[in-house]
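Participant: Sequence:
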Amino acid sequence: MAVLVDTNILVDIAVRDPVWLEWSRGALAKLAGRVPLIINPIIYAEFSVRYRDMNEVEALLPAEEFRREGLPWAAAFAAGAAFGLYRQAGGARERVLPDFLIGAHALVRGYSIVTRDPNGYRRYFPDVRLITPETRHL
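The sequence shown maps to residues 609 to 746 in the working numbering.
Derived by calculation from the structure, the hints in this document are not laboratory data. Bear in mind the structure is a predicted one, so any value in this text is a computation, not a measurement. Among these hints, one or two may not hold up.
[Said to hold, decoys possible] With beta-carbon atoms standing in for the labels, derived distance ranges:
#, residue 1, residue 2, range
1, Pro670, Arg701, 30 to 38 angstroms
2, Arg730, Arg701, 15 to 23 angstroms
3, Pro626, Ala697, 31 to 39 angstroms
4, Val643, Ala682, 20 to 28 angstroms
5, Glu630, Trp681, 34 to 42 angstroms
All C-beta atoms in this analysis are idealised placements derived from N, C-alpha and C, irrespective of residue type, glycine included.
With the hints as constraints, model all of the structure from the sequences given.
Facilitator: Shown next as structure tokens:
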């Protein structure tokens, strides 16, 4: 098993979020060393908007701790299909949202996602195992 790390977990740690820091840091600490922690270019891009220098981002997301993986083509297709369902259900956004790409990546690779915002993943990627504050297990 491998775990895709949702952007919100990384941001919680980087900005020392007063509500979520303890849970997010603890979740990654429990997973680290047991399973590969994966990030993709979408997660990297979402995280990096807070920084001016790529070296700073690299220091916060070291490759020895967070394995980088490109978005598989099958995931891009699955994200588009899930986004189509979102639009059919009345979703207002017109372009594919990052969480659809992250969820589809986990789906096609058989990864879990560690996140504190599971709603979209649960709805559009019900077969993806989620590690959340509500699941209380890692």
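Participant: Would you mind marking each hint as holding or not holding in the structure?
Facilitator: Hint-by-hint comparison with the structure:
1. Pro670 - Arg701: 30 to 38 angstroms: holds (33 angstroms)
2. Arg730 - Arg701: 15 to 23 angstroms: holds (18 angstroms)
3. Pro626 - Ala697: 31 to 39 angstroms: Hint holds: Cβ distance 34 angstroms, inside 31 to 39 angstroms.
4. Val643 - Ala682: 20 to 28 angstroms: holds (22 angstroms)
5. Glu630 - Trp681: 34 to 42 angstroms: holds (38 angstroms)
Going down the numbered hints, you'll see the structure goes against none, and every one checks out.
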